[in-house]
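Q: Position chain B against the provided structure of chain A, taking the given hints into account.
So the protein lines, in turn, are chains A and B.
Anchor point for the first sequence: position 70 equals 70 in this note's numbering, and the numbering is continuous, going up by one each time.
Anchor point for the second sequence: position 137 equals 627 in this note's numbering, and the numbering is continuous, going up by one each time.
No lab work stands behind these hints, which were simulated from the structure alone.
Note that the Cβ used here is the ideal one computed from N, Cα and C, for glycine as well.
Among the clues, some could well be false.
Claimed, not checked - Distance ranges between label pairs, derived from CB positions:
{"#": "1", "chain 1": "B", "residue 1": "E566", "chain 2": "A", "residue 2": "N306", "range": "46 to 56 Å"}
{"#": "2", "chain 1": "B", "residue 1": "I685", "chain 2": "A", "residue 2": "E201", "range": "32 to 42 Å"}
{"#": "3", "chain 1": "B", "residue 1": "E920", "chain 2": "A", "residue 2": "G176", "range": "47 to 57 Å"}
{"#": "4", "chain 1": "B", "residue 1": "K787", "chain 2": "A", "residue 2": "L451", "range": "27 to 37 Å"}
{"#": "5", "chain 1": "A", "residue 1": "V479", "chain 2": "B", "residue 2": "N706", "range": "53 to 63 Å"}
{"#": "6", "chain 1": "B", "residue 1": "N706", "chain 2": "A", "residue 2": "N470", "range": "48 to 58 Å"}
{"#": "7", "chain 1": "A", "residue 1": "N306", "chain 2": "B", "residue 2": "D923", "range": "34 to 44 Å"}
Stated by the list, open to error - So, partial list: chain B residues that the calculated Cβ filter (under 8 Å) puts toward chain A:
{"#": "8", "residue": "M491"}
{"#": "9", "residue": "E529"}
{"#": "10", "residue": "T575"}
{"#": "11", "residue": "T578"}
{"#": "12", "residue": "Q581"}
{"#": "13", "residue": "S585"}
{"#": "14", "residue": "D614"}
{"#": "15", "residue": "D675"}
{"#": "16", "residue": "A780"}
{"#": "17", "residue": "Y804"}
{"#": "18", "residue": "V836"}
{"#": "19", "residue": "Q839"}
{"#": "20", "residue": "S896"}
The lines below spell out each chain.
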Amino acid sequence: MKTIFEKSKKGKQGFIFSELDVPDSTIGSELLRQADFVFPELSEPEVVQHYIALSRRTHGLDEKGLYPLGSCTMKYNPVINEKCAALPGFLNLHPLEHKNNIQGALKLIYDFEKILRDITGFDAFSLQPAAGAQAEFTALLMIKMYLAHHGETKRNKVLIPKTAHGTNPASVRLVGWEAVEFEVAGGIISIEELKAALNNEVACIMITNPNTLGLFEKNIVEINRLVHEAGAFSYLDGANFNALIGRYLPREQGFDLMHLNLHKTFSTPHGGGGPGAGALGVIKKFEPFLPLPTVRWVPGYVPDINGGYKMSARKFYYLDFNQPLSMGKLSAFWGNFLIIVRAYAYMLALGNDTYKVSAAAIANAHYLKDKLSPPYEVPFAEGFLHEFVISCEKIQKETGVNALNIAKRLMDFGFHPPTMYFPLTVHEALMIEPTETASREALDEFVTAMLVIHEECYKNPEIVKTAPNNIETKRVDEVKAARDAKVNFF
Amino acid sequence: MRYIPRWDEIELDKIEDIFSRAIPGLEQTRFSGKKPLSEMKIKEMIESLARDNNSESLCFLGGGAYDHYIPSVVWELATRREFLTSYTQYQPELSQGYLQALFEYQSMMAELLGMDAVNVSMYDGASALAEAALMAVRIKGGEKRRILVLGAINPLYKEVLNTYFVKGAGFAIEYLSLREDGISDLSKIDKLEEINNVACVVVQNPNFYGIIENFNRIAERVHAKGALFLVSVNPISLGLLKSPGELGVDIAVGELQPLGIPLGFGGPYVGFFSTKKEYLRQMPGRIVGATIDAEGKPAYALTIATREQHIRRYKATSNICSNQALCALAASIYLSVLGKEGLKEVARQCFSKTAYFVSEINKMKHFRLYYKAPFFDEVLIGTDIKIELVKHFLNSRGISVIFSDSFLGASNLMPPQTFLTAITEKRSREEIDFFISVLKYLDAGAGKL
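Just chain A, with the same shape it has in the complex:
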């Protein structure tokens, strides 16, 4: 498809501004732009047609209602959430608007934090992080500052099991600490490995629970006890919280801090990579170290009959910057607010039905696993929850077809592939998470596709190896993309 630059024709305009209603002024020429720039020049209908065409070449979640990316929780994004986030009272609200004018927005943040406290057991939340990775960085920096505040400056290592997301070690680096990755045993953290790794240089452990194999860390209470005994803290990467929501409180598993991805568990859209939002929950002792600002309230005042003011039952919300121990600010303003609106609308829809989400997410994962294995191999089939990992190692050895090929072949059946080659501990991994919002029809159709592909691997491996064959774009040469590094049309 032609790029928008190739469709452009000089002099066309897609938008006009109202005529300038004040005198035209000029800026000193030494400050003015001399360099020309090439921009698309198109009429409005041409712009609309261009982006509609691009959207049709993008595989959205609604196409099948099943977008089985493991650890990404691609669940349905309710339309009402979008409508709520588009209300003019939120959309047109400037972040530095006077405090009297932002009461609704602050109340929404405050109320949503309360829901998150109740649903995780943590004492305090911050909705400042723009994403899970930023929440990880925030938590690590908070721990660093907490330790420094208590005179402990020697601890500079963070333990990370090999099954962890790549953001965990990358976040460690951002606070200048060292990441120590350790082996897991039988898919979960081994108490022996953990004990060997723990010492008085360890500041923290980062755990994803259930982990990226879909397994709940059975020994989590003991793990966290040992971590605390060694004087370190335990951080929960809540990427997989969809497996537990409404039923289990991470706080009760002994964690000190955790993040939630609102774009995973709380149904806000992934947007093709973002924006999402990361919510950070902590136990009491970390509260003073949370990012700035936090939302608090004082009793409000209303005019009384004598011309003065009297206290009212109405709460007056404000952004509190008065936290001398805070780890600081993360973004210019107050986080991804419009994402929080969506997540709040979602929780209003779920209410005390929330426990059904985790149950159905697990039911769907087990439904798929039971129908796919056999013939597919699932190395950690015991006790997985909301996602599971297929290993295509045997297929690869016997037919030469690898996990990537199977993933690409799924596209010919209209499905987005599962997460590939992750976690790193399983060879030829395909990690599948259907979520609770997949329909029976979608699950069955996916099973059929996977079973047909399995047969093809043995009978007609070429068709799998060369996939996708039936969609517009064939296998994309990613090696060439990296080698050429052509990142700009001009």
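A: Same frame as chain A, but now just chain B:
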């Protein structure tokens, strides 16, 4: 439960059994929220919260977020559910549309900025600035773990820079004081030796006070001292003002919010990040590259991923994973529909309206342009009337501007007895005149107050 299609066929006993076997020894605590609400009820509740805000005030606020007009097509297209609900484009065969849109975004921004390479996006302008400073240290390597901030940068950006660069990475920031006229003291560049190990010099343009600084031929002087030149820039100003490329900038970052992103109480916004070709592999974040498919047709893919966390883990250039791609997409639709002439026009109108406002201020006795320097669409106004009184008058007439306490806890750069105000193309002459009339009323009555 309306979002769970298969609820009725789920055997709950079986699921409870899976829970108790997978999670031995931990009790369940059911979330005891309110009853699930209907869509109508949700709408009613959230509309009532939205009404509790007053977004109707006349917005003369800036400080990093600007009230520009957003053409109707922008979000109508950006929220097409194919875009909205899709995941990161790790499977290029299914994401050609979105990848092409992002490739076009990178290209348009590169043109506008005069830079070679632009990434898919950062969280916001402030985090983009922080990551740019970290990148400068990576490029310069070794002992160069200090940056020099020359001009007046947004105090909120300063806070974020401090979080990442000082508290996180343990590096140092040197802030040089401004000249008395609000402008960077550029003479300091020639004395960089006195400040050891500077990896880059950081400026904001227009600066926090709205002043357009003259950075012509500064890059050469910065480079001569072995440092990189880094600028945080308002993209809408580039329809009129010198581009970072023309100024020889090495890394240009900023906030895309002015280009079609709603105010949204501060987010989601989106940071842009750009650099020269030679530093491409040091960039944080995702990048789209052009390539071909198996049939030789043009195609796109996320590329140079060996910089990123999912491949490089600890050694990645950043921990960023989720970004703000949808906002970058919206910005590119904004740029597409405006076109070159539209972008020049919006910049011209912002400037002309601000100039008109200033010309009226200049007629007053008790209000004045605080720094006598070239401005773009934001100005600092000083007054000798009690600032609390000015604030009260503007608030009670529904006019919003920035006073020093608007920045709450952030380190305060606002001189006493001033307010900061931005005038975009969206403010009509009537609205500006109303603002002026309130100030004139104060101006005329000042003697009696």
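Q: Please test the hint of 32 to 42 Å on the beta carbon pair from I685(B) and E201(A).
A: For I685(B) and E201(A) the Cβ distance comes to about 34 Å; the hint holds.
Q: May I ask you to test the interface hint for M491(B) with respect to chain A, counting a Cβ-Cβ separation under 8 Å as satisfied?
A: This hint holds: M491(B) lies near chain A, its Cβ roughly 5 Å from the closest one there, short of 8 Å.
Q: Quick check on the hint: S585(B) CB to chain A CB, less than 8 Å?
A: Holds. Min distance 6 Å.
Q: Double-check E529(B) for me: the hint is only fine if its C-beta lies closer than 8 Å to a C-beta in chain A.
A: OK, holds: E529(B) within 8 Å of chain A, min 5 Å.
Q: Determine whether the Cβ-Cβ distance between K787(B) and L451(A) falls within the hinted range of 27 to 37 Å.
A: holds (31 Å)
Q: Measuring from the C-beta of S896(B) to each C-beta in chain A, is the shortest one below 8 Å?
A: holds (5 Å)
Q: Could one say that the CB atoms of E566(B) and N306(A) fall in the range 46 to 56 Å?
A: holds (53 Å)
Q: Does Q581(B) pass the interface check with chain A, least Cβ-Cβ distance below 8 Å?
A: holds (6 Å)
Q: Hey, does the V836(B) contact hint survive, CB to chain A under 8 Å?
A: holds (6 Å)
Q: Do the numbers back the hint for D614(B), that is, is its least Cβ distance to chain A under 8 Å?
A: Holds, because the Cβ-Cβ distance from D614(B) to chain A comes to roughly 5 Å (cut-off 8 Å).
Q: Given the range 53 to 63 Å, decide if the beta-carbon distance of V479(A) to N706(B) lies inside it.
A: Violated: the Cβ-Cβ distance is about 42 Å, outside 53 to 63 Å.
Q: A closest beta-carbon separation below 8 Å is what the hint needs, so does A780(B) meet it against chain A?
A: holds (4 Å)
Violated hints for the displayed structure, listed by number in ascending order: 5, 15.
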